[in-house]
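Visitor: This is what each chain is made of:
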Amino acid sequence: MADVALSHSSAITSRQSFLNPRRRRLITSVVLAAICIVWVYPLVWMVSASFKSNSEIFAGGGLIPENPTFENFVRAWHEANIGAYFFNTLFVTVGSVLITTISAALMGYALGRRPFPGRATLFGLMLFTLFIPQGYTIIPVFELLSNLGLGQSLWGLMLATCGHSIVIFTLLFAGYFSQMPKELEEASRMDGVGPVKTFWYVMLPLSKPIIVTVVVMQTLQAWNDFLLPLVITLANPALRTLSVGIYSFRGEHFIDWGGMTAGSTITIVPVIILFLFLQRYFIDGLAGAVKG
Amino acid sequence: MSATELHIPHTPAATRQGLAARIWKSRIDYLFLVPGLLIFGAFIVWPLIASEYYSLLNWTGFGAAKKFVGLQNYRELLQDEFFLNAFKRSFLFTLATVPLQMFISLVFAILLNNKLLKLSTLFRTMIFLPVVTPVVVIAIVIALMLSPFNGPINGLLLDAGLFERAVDFLGSPQLVLWTLAGVFVWKWTGVTLIYWLAALQTVPEELYEAAKLDGVKTWQVTVFVVLPIIAPFAVVIGLISAIAALNVFPLIQSTTQGGPFFASEVMEVFIFRIAFAPSGGMVPQLGYASAAGVLFGLAVMILTIFQIVAVRRARRKDPANG
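Residue numbers (my numbering), protein chains in the order written: chain A, 1 to 292; chain B, 1001 to 1322.
Fair warning: there could be bad hints in the mix.
[What the hints assert, rightly or not] Distance condition first, Cα-Cα at most 25 Å in a straight line; then the derived SDA-like pairs of lysine to any residue: (1) B/LYS1212 / B/LEU1200; (2) B/LYS1187 / A/THR198; (3) B/LYS1217 / B/PRO1228; (4) B/LYS1118 / A/ALA287; (5) A/LYS182 / A/TRP200; (6) B/LYS1066 / A/LEU234; (7) A/LYS197 / B/LYS1118; (8) B/LYS1025 / A/GLY288; (9) B/LYS1187 / A/GLY288; (10) B/LYS1025 / A/GLY175; (11) B/LYS1212 / A/ILE272; (12) B/LYS1217 / A/ALA33; (13) B/LYS1025 / A/THR28; (14) B/LYS1025 / A/GLN179; (15) A/LYS182 / A/LEU234; (16) A/LYS197 / B/SER1026; (17) B/LYS1187 / A/VAL47.
[Said to hold, decoys possible] A few chain B residues that don't get close to chain A, going by computed Cβ distances all over 10 Å: (18) ARG1022; (19) PHE1032; (20) ASN1058; (21) PHE1068; (22) MET1102; (23) MET1282; (24) ARG1315.
These are calculated hints, taken from the structure and not from any lab test.
Just so it is clear, the structure is predicted and the values come from calculations on it, not from any experiment.
Where is the CB? At the ideal position from N, CA and C, for every residue including glycine.
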């Protein structure tokens, strides 16, 4: 037994001179760096193409444009209406983020901390609907919005966009609130403060990380959403969001790759900036889905 | 600690209190639920119920009259080759993408989990970038990259002498679904990577150190110690990834719209075409599309229940969580 261990460790030391941990980490880093560059290359290539003329895009040049031009952006923004679509998307995104975050926080608080009758049933119902495909619900959602007179409006789109992830966000809030110490509420009850004030002054300020997570995730969700805005704007091109706008751009000007890549660049820049600055919250939110 | 130890007996007064009284006592709690329940009810619960009713109708367009036809839509669907093929394709697509995506992201996760790897955050961010990119943008990027006319990837393949002629990745009925599966894996690996990294957080740091002191090699620690610990997470991650792969509408609609010749028409693309974008001269068939949606939803639900049972079983087997 001792012999085996001894020969084993000597084998390791002889290997170590060659492949010590530091050198191994360096090799891993280099290989990973190469893979990651290939991984993001298509996106970088797309952004670079947006600064090239249509003839230069397929000329097989490098990433850096020879005659950088902003013409694609001007054309996309004005002629292809990407400018108007940008503000439509912004409106829907901001509204749905506000509504979703507030509703999910309120419902999550009640579900996570208040022992009201029907709590378990509601939990069960929410879990049951967690994985319903969007293709299942799109027809009734559109019919409902039409009956409310919102089938052709950005307000209707905004409201329906809140439905996508409200369950996941509520469960995130509920999980977070339920882990807070019991003394918080007992202290406020002693002071004669009701649940509304406790929620507003005690619970909500403490749940800042989860609020940011929900805001970031819903922003990405609303900004990138496709099926719902596609259906709602089918008969009303003026209401298109960026996703639908870029999609239709491709159908209408299918050879204007410069304009398309410029529109795409306009679409991804805000979400990528948001993600780069707040990625910790986004990743925490995703990780919560697995741990929970 | 078992549940019975934690059980706190109800005081007789609390149990004797009527349901109505308890509801009245919690009236403020229900106020908290109002906005959330309105959204949940209108956009999730109602569509779930309404879809089932719509599926029993002959209904040709949102303005048109609804006529009750019983189960006729279902009978027709089961004989509709387009439906059956789309159904099959959806699950084929899931079977192709989920294992690949889980494997690639697991390898990334194990490599990136090394705390001494200085650039691991940067690498994670780079792998995650396609996730935050809207699908329609991805569609344009891959149409350009994979173009058979001077696209960079075909250029590379031709220069390397691997092919004699350019490959039409998105235009060939034989290739299109697999091409899209590859694009899907590229786009979503970042999410699965985060899931695996979260799973790896549950492995105690001491295990790595104890193994190092014993002179066990890194790959041995990974295979024999780390993988068994994170194995129960695989079921949850697999479930979430499978659901995502079944909801692939945006990617396919924005790249190929189900073509060429319906070769990439998955379930939701089929539903969308029947309900919202019927081809020349046809009327939208909302009842028929709803029936397709109900059958698809049922299949997803069965898959979910099946997987949840598997999660429970995996957790029970694992002594650490039992």
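Visitor: Would you mind marking each hint as holding or not holding in the structure?
Guide: Cross-check of the supplied hints:
no. : hint                  : in the structure
1   : B/LYS1212 / B/LEU1200 : 17 Å, holds
2   : B/LYS1187 / A/THR198  : 42 Å, violated
3   : B/LYS1217 / B/PRO1228 : 16 Å, holds
4   : B/LYS1118 / A/ALA287  : 22 Å, holds
5   : A/LYS182 / A/TRP200   : 16 Å, holds
6   : B/LYS1066 / A/LEU234  : 22 Å, holds
7   : A/LYS197 / B/LYS1118  : 45 Å, violated
8   : B/LYS1025 / A/GLY288  : 33 Å, violated
9   : B/LYS1187 / A/GLY288  : 21 Å, holds
10  : B/LYS1025 / A/GLY175  : 24 Å, holds
11  : B/LYS1212 / A/ILE272  : 39 Å, violated
12  : B/LYS1217 / A/ALA33   : 24 Å, holds
13  : B/LYS1025 / A/THR28   : 61 Å, violated
14  : B/LYS1025 / A/GLN179  : 24 Å, holds
15  : A/LYS182 / A/LEU234   : 51 Å, violated
16  : A/LYS197 / B/SER1026  : 15 Å, holds
17  : B/LYS1187 / A/VAL47   : 17 Å, holds
18  : ARG1022               : 5 Å, violated
19  : PHE1032               : 4 Å, violated
20  : ASN1058               : 14 Å, holds
21  : PHE1068               : 16 Å, holds
22  : MET1102               : 12 Å, holds
23  : MET1282               : 15 Å, holds
24  : ARG1315               : 13 Å, holds
The structure is inconsistent with the numbered hints 2, 7, 8, 11, 13, 15, 18 and 19, although it conforms to all the rest.
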